[in-house]
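A.B. asks: If you read the protein sequences in the order shown, they are chains W, B, V and G. The opening position of the first sequence corresponds to residue 1 in our numbering, with each subsequent residue numbered one higher. The opening position of the second sequence corresponds to residue 1 in our numbering, with each subsequent residue numbered one higher. The opening position of the third sequence corresponds to residue 1 in our numbering, with each subsequent residue numbered one higher. The opening position of the fourth sequence corresponds to residue 1 in our numbering, with each subsequent residue numbered one higher.
Keep in mind that a hint or two might mislead.
Which copy is meant is left open, so a pair is good if it fits within one copy or across any two.
[Claimed, not checked] Using 20 Å as the maximum straight-line C-alpha spacing, the simulated SDA-like pairs for lysine to any residue come out as follows:
#1 K204 <-> T312
#2 K204 <-> R311
#3 K204 <-> F316
#4 K204 <-> D289
#5 K3 <-> W28
#6 K256 <-> G165
#7 K204 <-> A84
#8 K204 <-> P314
#9 K204 <-> D313
#10 K256 <-> Y197
#11 K204 <-> P288
#12 K3 <-> P58
#13 K204 <-> G214
#14 K204 <-> V227
#15 K3 <-> D59
Note that these hints are calculated values from the structure, not bench results.
Number of protein chains: 4
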Amino acid sequence: MTKIPVAILGATGAVGQRFVQLLEAHPWFEVTALTGSDRTVGQQYGDGCRWVLAEPMPDYARGMLVLPTEPGFEARLAFSALPAEAARAVEPALAAAGYAVSSNASAFRMAPDVPLIIPEVNPDHTGLIAHQRAARGWPGFILTNPNCTSTGLTIALKALQPAFGLRRAMVVSLQALSGAGYPGVASLDILDNVVPYIPGEEEKIEQEPRKMLGTLHAGAVRPAPVVFSAHTNRVAVSDGHMVCASVEFERAAGPKEVAECLAGFEAPEMVRTLPSAPRQVIEVRSEPDRPQPRKDRLAGAGMTTVVGRVRTDPLFHVKFVVLSHNTVHGAAGGSLLNGELLVAQGLVQ
Amino acid sequence: MTKIPVAILGATGAVGQRFVQLLEAHPWFEVTALTGSDRTVGQQYGDGCRWVLAEPMPDYARGMLVLPTEPGFEARLAFSALPAEAARAVEPALAAAGYAVSSNASAFRMAPDVPLIIPEVNPDHTGLIAHQRAARGWPGFILTNPNCTSTGLTIALKALQPAFGLRRAMVVSLQALSGAGYPGVASLDILDNVVPYIPGEEEKIEQEPRKMLGTLHAGAVRPAPVVFSAHTNRVAVSDGHMVCASVEFERAAGPKEVAECLAGFEAPEMVRTLPSAPRQVIEVRSEPDRPQPRKDRLAGAGMTTVVGRVRTDPLFHVKFVVLSHNTVHGAAGGSLLNGELLVAQGLVQ
Amino acid sequence: MTKIPVAILGATGAVGQRFVQLLEAHPWFEVTALTGSDRTVGQQYGDGCRWVLAEPMPDYARGMLVLPTEPGFEARLAFSALPAEAARAVEPALAAAGYAVSSNASAFRMAPDVPLIIPEVNPDHTGLIAHQRAARGWPGFILTNPNCTSTGLTIALKALQPAFGLRRAMVVSLQALSGAGYPGVASLDILDNVVPYIPGEEEKIEQEPRKMLGTLHAGAVRPAPVVFSAHTNRVAVSDGHMVCASVEFERAAGPKEVAECLAGFEAPEMVRTLPSAPRQVIEVRSEPDRPQPRKDRLAGAGMTTVVGRVRTDPLFHVKFVVLSHNTVHGAAGGSLLNGELLVAQGLVQ
Amino acid sequence: MTKIPVAILGATGAVGQRFVQLLEAHPWFEVTALTGSDRTVGQQYGDGCRWVLAEPMPDYARGMLVLPTEPGFEARLAFSALPAEAARAVEPALAAAGYAVSSNASAFRMAPDVPLIIPEVNPDHTGLIAHQRAARGWPGFILTNPNCTSTGLTIALKALQPAFGLRRAMVVSLQALSGAGYPGVASLDILDNVVPYIPGEEEKIEQEPRKMLGTLHAGAVRPAPVVFSAHTNRVAVSDGHMVCASVEFERAAGPKEVAECLAGFEAPEMVRTLPSAPRQVIEVRSEPDRPQPRKDRLAGAGMTTVVGRVRTDPLFHVKFVVLSHNTVHGAAGGSLLNGELLVAQGLVQ
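Working from the sequences, and respecting the hints, build out all of it.
C.D. replies: Okay, structure coming up:
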C-alpha cells in the first residue's frame, strides 16, 4: 500500500513536535512536508527547531526543509499545529486549495459547519463536512479536535451519557506546561507555584464538550443540554492534564455503576481498528491516589483516558478524576486519530 | 509586663518548627518548653531537629533541651503541633493537669465540647470551654484550630454568610507539601506530578467549616446548613494552600458585590488588636491570575487570606480562588492567634 | 532457544522496578522469581510494590508472588537490586548456593576477587570469577556493576585512555532523585533546592573508575594510576546523572581530538551484539547546552552515554559534560548487560 | 539627615525588582526615579511591572511613573539593573551627565578604569574613579559589582588569600533561575532537568575574581595570579547560586585551618558599618549537607556568604561549597552596598 502524503503545519512548536514524533513509521501516512514560521522557513528542521520533547527527534525529520505555511506543499492531508490566529488565516486557504485539514487549533472548533471530533465520541459528526464543502465551495475541508482539557473529560462523559444522562458538571483542571507551548510558561512563574488562570481555557471547556456530546441532525449539531462550570489551573507538570469532576446526572447513579460504565466503554467498531486508537479507551484505576500525570499519562501510549477516585459527591451524584495526555490524545494524537478516521470513512484517499 | 510561659508540643516537626519561628520575640509569650518524640528527647533542639523552613532557626531555640511530651514542663499554655494519634493520647492528660492546650491537631476538632476556632470567624465559640471543663472535670482545657485547607475557605465564606447566606460549595484544593509534614511526600512522587488524594482531607473540609460557621447555643454548636463537596490534590508547592471554590448562596449574588463583601470583611474588634492578627483579614486581588502560592502566601506575614478571580459561576452563583498560608494561618499561626485570643478573653492569664 | 530463568532480588525498590521493566520480553532471560523485604513477601507484586516509574508496570510481574530474599527460588542468574547491607549478608549465601549473582549493590564492588564490570570498558575482568570461586569455594559467584555516577564517567574516560593516558580528573555530579531509591529524598528537601551531599558517593566515584580502568594481571586488578576528586550534588531531576568533568592527560590533547575519540569509541566485538548493548556507546553532542537529563537520558534506550560541551580547560587539558541514565545503564541496565555478558562468555548457561 | 535621592535603572526586571524591594525604608537613600523599557514607560510601576519576587511589591513603588532610561531624572546616584547592551549604551551618557552609576551590568566590569567592587573584598579599588573621571572627562562615574556567581566565590577566596596564597581554583556552579531574569528560562527547559550551559558565564567567573583579588597600583588594577576553570549549570532553584570549589594554594593548607580562616574573615572597618553590610561576612556550616540554596540563601538577609563541606581535596588542597544569594548580594544587594560605600567614602554626597 502506498502511504498517503501528509504535512505538519507549525511543525517546530511543542504540538508540532509531537506530530513529528507520532508520525514516525506510521502505517498509513508519510510526512512529506513540514511548515514553520518565517524564522525557521528554509532551515533544516533539525536546525530550526528547538526540540523540547523527552523522546529524541526522529531521524526522518532532521534533514527536511521547513516550508512556509501556505498552499503549495505536496500532501493530501495537513495536520495543523498552528496557533489560533495563524490557523484562522491559513486553514481556509488550504481547504480552498483542496487540502484536507485536521486541525488542532481552536480557531474553527465552534463554527457550525466544522466538525469537532473525538473518534471515540462522535465519529458521525464528520457528516458536517459535506455541508461545509457545499456552503463554502471548498474542494478540501477543515475538521478539528477539541481543546486538550476537554478531550479526556468528554470521553469520560460520553461513556456515562447513554446510561445516566448528563445534567451538570463542575470541573477543575490541573494542566501541564506543554499545553502552553514553548517557551510558554516562565520557570519563575511556576517553580514552587500554581497559576490559577489560563486565558480562554474555561470558556472552551464549558462549550466544546457540549458540541461533541450533541447530536448531528439535518446538517447541524444540536449541543447536549449539559451545563459546565470550569476552573483551570497551571501546575508544574510537563505533560498530562488532570481534571477533578463532579457530575450530576438525569438519573441518580452511584460510584459502582459509574465505574463499571466507564470501564466498559468502547469506541464504535470502525474506530477501534484505527492505527492510533487505544486498545482501551478508558482505564479505571481503583487505587485511592490515581490517576497521576507522571505515572498514568503514558497509558495506551498516551491515547487512553485514565479515570480514578470514583466516589459519591455530596452535592451532585458522583465525583472522579480524569487524566489525559494533553499533547498526545489531547492534541497531536487526537488530530492524528481524526486523520485516520477520515481515511477509514473514505474522506481522505 | 511579664510574658506568659508557653510550650510547643511536637516542636521538631514541620508545624512545630513554624511555631518556633513565629514565637521568636513574641510580645506576650515566652517559649519555656519544647517537646519532641523519643528520638529527640534529651537532645538540644538545634541538634535533634532537621530544620526544613526557608527562614533560619531562631537562636533562642537552638540550645533548648527537647522534653518528653507529657505533663511536667513549665508553661501555662501549650501549643500543640502533635500528630493526631499522639494528640488523642496526650492532650487530655495535659488539660487534666491544668494546661491550656491550643491544638493544631485534628483529634478533637469535631468533639462537641471542644471549640474549633478561627478568631476572625467565631471567637465566641470559646464559650464551649466552660462546658468542656465542667463535663470533663479538667482545670485546663483543649481548644483547636481547623485543618489548613479549611482555614482560608472558612474565612472567605464567613465574609459572605451574613449578606447572602450559604447553601452549597464545591471546593477543589491544590495543597502544599508542608501540609504533609516532614519527610512527608517523597520527591519521586511529586516531581513532574500531582497526587489527587490526601488521606482524610476531604472529609475534614466537608465538616469543619460547618462547625465554625455555625452558632453557639446553650452550650452546643449548631452547624451551619451549608453543604460541601471537596476534591483535594497535592502539588509541588512548598507552602500555600489554594482552593478553587464555587458557591451557591441563599440569595442570588454576583461577582461585584461578592468581591466588595470579601474586601470589606473585618474581624471582631477584640481580634483586630491581637499581636498576630493580620491588618487585613482578606485581600482581594483583581488581576486575572492571582492569587498564586509563591507570590501571595506571605501576604500579612502569612495571616492574610488572599482571594481572587471572583466571577460568575454557570452552575452556582460565583466562583473564586482562595489562598492561605498552610503552616502560618492554616496551622501554627492560627493556633498562636487562638492562644492570643484566650489571653484577650481572660481564659489564659 | 529456551530462556534462562532469572531472579530479581529486591524487586520492589526503585532499581528493582527498573529490572522488572527492562526484563519484559527479554530475548534470553525469563523472570521466574521476584524477591522482596519482609513487608512485601507473600503479596502479589502488583499489590506489594509502590510503582514509581513513569512507564507502566509490565503485566507479567503483576501477579507474581514476592518471595523472601534467600536461596531456594528457581533461577540460574540473580540480578540484585538489594541495598548494600542486605547484599553483604545475602549475596555470598546465594553464590554459595550456586547462583550467579549480577549485583548492582556496592557491598562487594571493591573486593579484590569480585569483578566490577562495565562490558564496554573491561569485559575481560570477568577473569576474576575463576579466582573468586577457587578462593571462596563457591559453585556460584558475584559480579558487580559500578555506582550509577561512575558508569558514564568511566565509559568516557575509557574512550580517552588509550590515546592520551589519564592523569587527573576533577568531577562534579548533579544526580537524579531515583538514585536515592524510594521514598528517598523528601520533597521538602529538594523543591527549589539542591543538596550538595550524597553519603558515601564521592568515595565511590574516586575509587571505582580506577578499578575498572585498571588491568587484570595474575588474578588481580591493578588500578589505573589516574587520581580523582569528586563533588556530588542531588538535584530535582527524576532520572539521569550529569557529571561536569575536567581531565588532565598524560599527553596533551585538545577538544577536537578528544571529541573525535569519544565519538569513535566502540565496545569490544563480543559486547556489541549483546541484546541490551547500545548501538552507539557514546553520543557526542555539539550544541552548546547539551547533554541535559530530561532530553538525553533516553538516548539508546538509556544505555548510551551522552557527552557534550567538550572544550579546553584552563587548568587541565579538556572539560566536558557526561550524562548517563542512572537507573538504566547506571544500575539495572548495566547489571542486565553484565548478565548478558556472562551468557556470551559461557559463565552462565 | 536628608536622604540621598536615587534612581533604579531597569526597575521592572527581576534584578530591578530586587532593588525596589531592598530600597524600601533605606536609612540613607530615597528612591526618586524608576526607569524602564519602552514597553513600560509612562505606566505606573504597579501596572507595568510583572512582579516575580516572593516578597510583596513595596507600596512606595506601586504608584511611581516608569521613566525612560536616559539623563533627566532627579537623582544623584543611579543603581543600574540594565541588561549588558542597554548598559553599554546608556551608562556612559549618565556618567557624562553627572550621575554616579552603581551598575550591576557586565558591560564595563572589565574596563581598566572602572572599579569592580565587593566592599568586603576590595573597597580601595574605588581609587580608579578619579582616573576614570580624568580620562573620560565625566563629572559622574561608573562603578560595578561582579557577576552573581563570582560574588560569593570571591569573598571566600579573599578570606584565604592572605594566609595561603591562591594558585588554582576549579569551580562548578549550580545557578538559580532568577539569574536569567524574567521571563528567562522556559519552564519546559528546566522542569525535571538541568541545563549545563549559561552563555558567557564561565568566562566571567574565570576573569572577574582575578580583578577583584588583584591590587590597585598607580591607577591600574594588577590581577591576582590565580587561574580559574569554571563549569556553569542552571538548576531548578528560584534564588541562590551554589559553587563547588576545589582550591590549590601557594602554601599547603588543610580543611581545619581553611574553615577557621573563612569563619574569622571580617570586612574592612569602614565596610562593617554600612547599612546593608552583613553582620557576618561568611558563615561556615559544619553539617555534612549544607549550604543549600533554599535553607541558606536568606542568611544575613541574603548578604552573608555561606560555606560548608570544607574537606581535603585529593588533587588540590581543599574543596568546599559556597552559597550566595544571587539577586541580593550577587546583584541588587551588592550594588546597593557599593552605593553605600560611595557615600561612606564621600564619593556620593
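A.B. asks: At 20 Å max between alpha carbons, let me know whether K204 reaches F316 within a copy, between copies, both or neither.
C.D. replies: This pair counts as between: shortest inter-copy Cα distance 19 Å, intra-copy 22 Å.
A.B. asks: At most 20 Å between CA atoms: does that hold for K204 and P288 within a copy, between copies, both, or neither?
C.D. replies: between (30 Å within a copy, 17 Å between copies)
A.B. asks: Could you place K204 and A84 in one of the four classes (within, between, both, neither) given a Cα distance threshold of 20 Å?
C.D. replies: within (13 Å within a copy, 42 Å between copies)
A.B. asks: Within a copy, between copies, both or neither: where do K3 and P58 come within 20 Å Cα-Cα?
C.D. replies: Answer is within: at 18 Å inside a copy they meet the 20 Å cutoff, but 33 Å across does not.
A.B. asks: Is the C-alpha distance from K256 to Y197 at most 20 Å within one copy, between copies, in both cases, or in neither?
C.D. replies: between (33 Å within a copy, 19 Å between copies)
A.B. asks: How do K3 and W28 come out at 20 Å by Cα distance, when the copy is not named: within, between, both, or neither?
C.D. replies: Within one copy only: 5 Å inside, 36 Å across.
A.B. asks: For K204 vs P314, is the C-alpha pair at or below 20 Å within one copy, between two copies, both, or neither?
C.D. replies: The answer is between: 13 Å across copies meets 20 Å, while 27 Å in one copy does not.
A.B. asks: Is the C-alpha distance from K3 to D59 at most 20 Å within one copy, between copies, in both cases, or in neither?
C.D. replies: The answer is within: 18 Å in one copy meets 20 Å, while 34 Å across copies does not.
A.B. asks: With identical chains treated as interchangeable, where does the CA-CA distance between K204 and G214 reach 20 Å or less: within a copy, between copies, both, or neither?
C.D. replies: Intra 15 Å, inter 38 Å, cutoff 20 Å: intra-copy only.
A.B. asks: Should K204 paired with D313 be assigned to within, between, both, or neither, using CA atoms and 20 Å as the limit?
C.D. replies: Between copies only: 15 Å across, 25 Å inside.
A.B. asks: At most 20 Å between C-alpha atoms: does K256 with G165 qualify within a copy, between copies, both, or neither?
C.D. replies: Classified as within; 16 Å inside a copy, 34 Å across copies.
A.B. asks: With identical chains treated as interchangeable, where does the CA-CA distance between K204 and R311 reach 20 Å or less: within a copy, between copies, both, or neither?
C.D. replies: Between copies only: 16 Å across, 26 Å inside.
In this structure, every one of the numbered hints holds.
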